[in-house]
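Undergrad: Sequence:
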Amino acid sequence: MRRPSHKTALLLVGIAQLLPFRPTPGQDRGGARGGNGVILGTVTDSALRPVAEADVSIFLSRVHVTADARGRFQIVDVPSGNYLLMVRRLGYGSVAAGVTVQIGDTLRLAFTLERSVAQLGAVIVTEHSASARLREFEERRRHGAGEFFDQQEVERRNAVSVVDILRDVKGLRVSTEGSKLFAMSARQWTPCPMQLYVDGIPMAGASYNVPFDLNLLPSPKEIMGIEVYSGAESEPLWLPAGPSGGKRSCGAVLVWTRDGSLNRP
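Counting from 1, one number per residue, gives the positions in the sequence shown under this note's numbering.
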């Protein structure tokens, strides 16, 4: 493999110049100057080959960085808080993970992208309009395989967070571990974390074999619909396999944002 030239420099973006960010309520927006965190990461395929030019972004912000020829990326000057980190590359399935940044902390992350069977399908997904996603949502609801909450129902409940809605779902149990909240299957005798999806993209936990923290889900004000499937037998067949931390056999929670923000380039 040819070594990248010096021109292939790692793209560094000073996040402080690209705010607004959205730290979790009650958390500090950065603390002392110069004390913000750093996110370092690598993007590889399933054979551990670097995925160059992968786009790395933070949900609901204008922050985008590009992985270099070795699949490395870096985001600097990150205010403390909880964030959704999105990684995508044309021809590969997208992934996302929740991360928590502390003041002065340096996170080191590794993402694996699976090559898409059909690249055209990936393009179609990213260009899905809200109206098309809503039609598909209603079609799945008519089949009656899961539990559904449309935008009107979400607004009617006047919930502070998505967790407030999920607590009323049959077959789902909200588990607490410190300040983190996880969606667990209520149908299993042993702990069985459900797989989370936002705009059709599987959510990963902060580390290996750790479920996705429900605190990182978008606000109810940003949500078009929620689908909950209590077991793999009722889930849509097109759902991609989830990353470590969630199990398809334990069921799935699908959250759809009003503008499909997680799928926008």
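By construction, these hints were calculated from the structure, which means they are not laboratory data. Ideal Cβ placement from N, Cα and C applies to all residues, glycine included. One thing to keep in mind: the hints can contain errors.
No farther apart than 16 Å at their CA atoms in a straight line, the calculated lysine to aspartate or glutamate pairs in the EDC-like style are these [said to hold, decoys possible]: (1) Lys180 <-> Asp164; (2) Lys221 <-> Glu147; (3) Lys170 <-> Asp259; (4) Lys221 <-> Asp259; (5) Lys170 <-> Glu155; (6) Lys221 <-> Glu155; (7) Lys221 <-> Asp164.
Each pair of labels, with its calculated beta carbon distance range [said to hold, decoys possible]: (8) Ser131 <-> Lys221: 15 to 25 Å; (9) Gly104 <-> Glu177: 35 to 45 Å; (10) Arg135 <-> Ser234: 15 to 25 Å; (11) Leu134 <-> Ala232: 42 to 52 Å; (12) Asp168 <-> Ser234: 16 to 26 Å; (13) Asp105 <-> Glu136: 31 to 41 Å; (14) Arg72 <-> Arg187: 20 to 30 Å.
Undergrad: Hints first: check each against the structure and report whether it holds.
TA: Tested hints:
1. Lys180 <-> Asp164: The hint holds at about 14 Å.
2. Lys221 <-> Glu147: violated (20 Å)
3. Lys170 <-> Asp259: violated (28 Å)
4. Lys221 <-> Asp259: Cα-Cα ~11 Å, so holds.
5. Lys170 <-> Glu155: violated (20 Å)
6. Lys221 <-> Glu155: holds (7 Å)
7. Lys221 <-> Asp164: holds (13 Å)
8. Ser131 <-> Lys221: 15 to 25 Å: 19 Å Cβ-Cβ, so the 15 to 25 Å window holds.
9. Gly104 <-> Glu177: 35 to 45 Å: Once the Cβ atoms are compared, 24 Å apart, the range 35 to 45 Å for Glu177 and Gly104 is violated.
10. Arg135 <-> Ser234: 15 to 25 Å: holds (20 Å)
11. Leu134 <-> Ala232: 42 to 52 Å: violated (25 Å)
12. Asp168 <-> Ser234: 16 to 26 Å: Hint holds: Cβ distance 18 Å, inside 16 to 26 Å.
13. Asp105 <-> Glu136: 31 to 41 Å: Given a distance of about 40 Å, which is inside 31 to 41 Å, the answer is holds.
14. Arg72 <-> Arg187: 20 to 30 Å: Distance hint for Arg72, Arg187 is violated at roughly 41 Å.
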